[in-house]
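Those protein sequences? They're chains A and B, same order as listed. At position 98 of the first sequence (counting the first as 1) the number is 114 in this note's numbering, and the numbers step up by one without a gap. At position 191 of the second sequence (counting the first as 1) the number is 194 in this note's numbering, and the numbers step up by one without a gap.
Derived from the structure by calculation, the hints contain no laboratory data. C-beta atoms are modelled at their ideal positions from N, C-alpha and C, and glycine is treated no differently. A few of these clues could be false.
[What the hints assert, rightly or not] Restraint ranges, calculated between C-beta atoms of paired labels, are given here: (1) B:Pro156 with A:Thr497: 28 to 34 Å; (2) B:Pro191 with A:Arg291: 28 to 34 Å; (3) B:Ser228 with A:Val486: 42 to 48 Å; (4) B:Leu193 with A:Arg80: 32 to 38 Å; (5) A:Asp423 with B:Leu157: 54 to 60 Å; (6) B:Ser187 with A:Leu468: 38 to 44 Å.
Letter by letter, the chains look like this.
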Amino acid sequence: MLTSLVRLVSSRRARRTVAAAVCAPVLLGAGVAAGQVAGAWTEFQGGPSKTGVATDGPVPGYRRAWSTPFDPGGPGDRFGLSAPVIAGDVAVAVGPDAVIGVDLGSGEQTFAVDRAVGPSVPAAVAPLGDGTAVVYTEGWGEGPPPAPGSEVSPTASVSPATIADGAGDGPVDSDLAAFDLGSQERLWPPVPLDGVSRTGVTVDEGSAFVGVNGGSVISVDLADGSVEWRRELDAMLVTPITVIDATVLVGLQGDGDTQPVVVALEAGTGEERWRHEPSARSSVVSAISADQGSAFAIFAGLSETSVVALDLADGTQRWSRRVNATFDVIAPPVVGAETVFVTDLIGHTRALDAGTGQQRWDFAQNAPVFRSVPVLVGAHLLVPTLEGELAAIDAETGELVWRLQADGAPIRSIAAAGDVLVTVRGADRSGLEGFEHDPGAALVREASPTTLAAGRMVGAIAIAAIPLLVVVLLLGRMLVTRMGPAFPGDDEQVSEDGEQVVDPWEAEDPTP
Amino acid sequence: MTNKNRRSKPRDRDDGHRSAPPASRGAEPAPRRGLLDSLFSPRVGSTSMPSIRASAARGLAVVAGTPVIAVGAVAVVVLEWFAALALGYEGPFALFVNAMGLAPIGTSFDATLSTALFGLQGGFFAILGFVAFRAMVQALLVAAIVEVVRSAPLGRWTLIRALRTLPAALAVNIAGIGLLTLASLLGPLLGPAFGLLIQMAALVGGVYVLSFAPVIAADEGRRLSDAMGRSVRAARMPGAGNLTLAAIYVVASIAILVVPGKPGSDLGVNPTVAAWVMVLIANLLHVVMQSMVVFRYLSVADEVPDAAPRRQAAPRSRSRG
């Protein structure tokens with residue numbers, strides 16, 4: 017019933033009315049209240065600094081507590097849910113045409129708010145007055161690219177968002193919207209954006225920051241939806257925006273002529289503080305994470321891929337660590353207390369010293385990690401994979417302590433919510449799943465396959481080589497006996513005039 | 004000093020070796036042909052080149068029947084793996100199936116390994132070291148195989164023969180890098196399908212025209228340029244089947260490299276027994292291929308035409324109107 021009501025209320029025609037109705041109390045009475053969701057997993061990778069760290073959470077191993085299916089939607093019905101965020105006892109995820117809420121205890125869906133069809137990118141939740149705001153982007157412009165081999169028109173079933181009252185009449189690519197978590201009512205009229213947004217929403221100090229594909233960054237006051245500033249950066253922007261210490265960090269992708277860059281903006285005004293360009297020729301930069309006075313990112317190009325640490329004050333490079341691997345750009349490095357964790361597309365995780373970049377350990381999971389973002393929960397790095405495997409790695413030693421066997425359905429992202437881990441699944445298990453600690457789970461201590469076990473390796477060589485050589489040499493004896501010399505007359509060589517030829521090499525004394 | 008005047012008695016064998024007609028014997032200078040002649044001239048005729056099957060049997064007999072070569076090949080692969088580990092390589096081990104490959108298959112392995120270890124920029128320079136090591140191993144191997152095929156004992160002369168093979172082996176492997184680089188530059192310009200075709204063609208072409216050069220240097224002690232030119236002429240001898248052999252070799256080498264799910268495909272520094280068995284067998288087969296090349300060249304060495312004399316510049320005729 018509630019869901020139906022929300023869908024009705026959030027229909028596009030009704031939206032303007034509702035927006036006008038709900039804006040008044042917000043504008044009149046609400047300031048940003050602190051504390052309601054503080055410490056929770058309020059946005060992609062935990063919070064505005066995108067460290068991917070939850071200090072508390074269930075310890076490995078895990079068991080499935082609940083599962084909430086969600087049918088893929090959008091053009092071609094091929095788009096699932098975004099990374100979840102946590103608001104109190106509700107997990108919020110963005111689907112292609114709705115924002116849904118799921119009860120953390122039972123896994124039951126508690127609400128679904130319609131949105132204009134758009135990329136499934138994470139929402140953010142933030143305290144607002146007495147309630148909690150859920151902020152998200154919607155709209156897809158001309159729609160996504162068609163699936164390979166699909167004949168679906170890219171514009172199929174995509175409805176452009178509509179510019180809010182007073183802002184214009186035509187369709188726009190996308191907008192920023194917000195609703196109250198408790199009532200699911202619009203908080204303010206949608207804020208039009210310059211283009212399609214894939215960055216998700218980052219919230220800090222009462223402001224929401226969002227970027228669009230073309231490189232615009234916009235800051236919106238959460239209290240009333242007013243635009244605080246807008247900054248044109250004129251390069252592709254598709255990775256989440258990071259905010260720390262009143263600094264907005266934006267990763268801009270390069271193209272054939274330009275390098276990718278990390279740009280730091282003043283959170284209050286949008287003024288550019290600094291920008292960092294990699295020294296080596298690169299083409300892409302990952303999402304950025306920041307902590308302890310440093311920003312961390314991965315620059316990748318044809319020639320090399322490097323994890324870099326930048327000084328937050330001026331953007332100078334503190335260290336750079338070359339890693340010959342390919343990374344998913346939407347996944348920022350996970351930043352623990354003294355360690356930075358990066359996981360490449362083949363599931364090879366490296367733990368780097370946050371101060372120096374020196375590698376502390378690595379673990380090769382040997383499973384594809386794409387659009388599956390690792391997180392650090394307590395003392396364990398959790399690495400989900402495209403095949404549905406979930407590995408828990410001891411963050412101190414780099415040993416695998418527990419593994420959820422792959423079931424073929426991708427685990428996209430993880431959000432830590434107290435005693436529960438909320439994951440987004442894809443393919444056959446599309447939807448949300450909750451995991452809780454399983455006291456009966458068998459834990460292991462498994463070293464990475466990249467850790468040399470000299471005895472075992474030498475043993476394998478001996479077991480393989482000795483019998484193989486014995487067989488080969490026996491075969492050789494048989495063949496030589498049967499076939500004889502290649503050139504039977506070679507020991508009686510004659511020249512063209514019939515004289516015996518002596519190899520001049522063999523007539524020489526090799527000793528000087 | 005060379006032994007290029009050395010001649011073997013004409014002989015017929017029952018191992019698939021065909022005796023060439025007397026008219027084709029000798030090292031008559033080939034008439035100089037233009038580029039299009041080289042590409043499109045008919046491949047009719049017969050040589051003493053053994054059949055691929057006979058060559059394979061002889062190659063297998065050489066490798067399996069010579070403990071030094073068989074054990075040496077295994078030892079080289081193991082040593083290369085240890086060296087890669089020492090340099091920080093973390094797998095996959097299956098890449099080593101082509102460790103002992105002929106250029107440019109083996110050179111491609113060097114390029115992949117050096118890039119994995121040092122990145123694209125650093126790897127570009129590191130590959131020169133890798134290729135130098137490959138050339139040394141190949142020179143030793145070819146010298147040893149030549150001795151075995153010639154029924155000569157292995158000894159210090161083998162080392163000397165290897166020394167004079169080294170420049171040709173080095174040149175062949177550097178030419179392999181050049182071919183791979185050229186193919187990788189041309190490939191993207193022609194689209195994905197053509198790009199793959201170009202890459203394959205470069206590998207086949209490289210094996211086809213380059214593989215005899217180290218053998219010629221080892222057996223005949225010819226100068227580098229002479230050995231390279233003679234290698235091309237030997238490869239192009241009508242009816243020899245060298246192109247077919249090169250194509251089979253390249254396709255098999257690529258197939259074993261890309262087949263999914265094979266042992267040793269994952270990152271890791273402790274390959275399983277199955278992975279070692281696969282890699283060692285693959286590399287022994289590469290050495291068998293090298294032995295086939297040696298045997299095939301030695302079988303037709305007498306028939307390879309000498310380089311055509313350079314064209315004399317036509318006297319200028321000035322017509323004055």
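Here's how the hints hold up against the structure:
In this structure, Pro156 (chain B) and Thr497 (chain A) break the distance hint of 28 to 34 Å, their C-beta atoms being roughly 18 Å apart. Pro191 (chain B) and Arg291 (chain A) have their C-beta atoms about 31 Å apart, which keeps the hinted 28 to 34 Å range intact. Taken as a hint, the range 42 to 48 Å holds for the pair Ser228 (chain B) and Val486 (chain A), whose Cβ atoms sit roughly 44 Å apart. At about 50 Å, the CB distance of Leu193 (chain B) to Arg80 (chain A) disagrees with the hint of 32 to 38 Å.
Taking 54 to 60 Å as the suggested C-beta distance range, the pair Asp423 (chain A) and Leu157 (chain B) conforms, at roughly 57 Å. Checked against the given bound of 38 to 44 Å, the beta carbons of Ser187 (chain B) and Leu468 (chain A), roughly 33 Å apart, lie outside it.
Violated hints for the displayed structure, listed by number in ascending order: 1, 4, 6.
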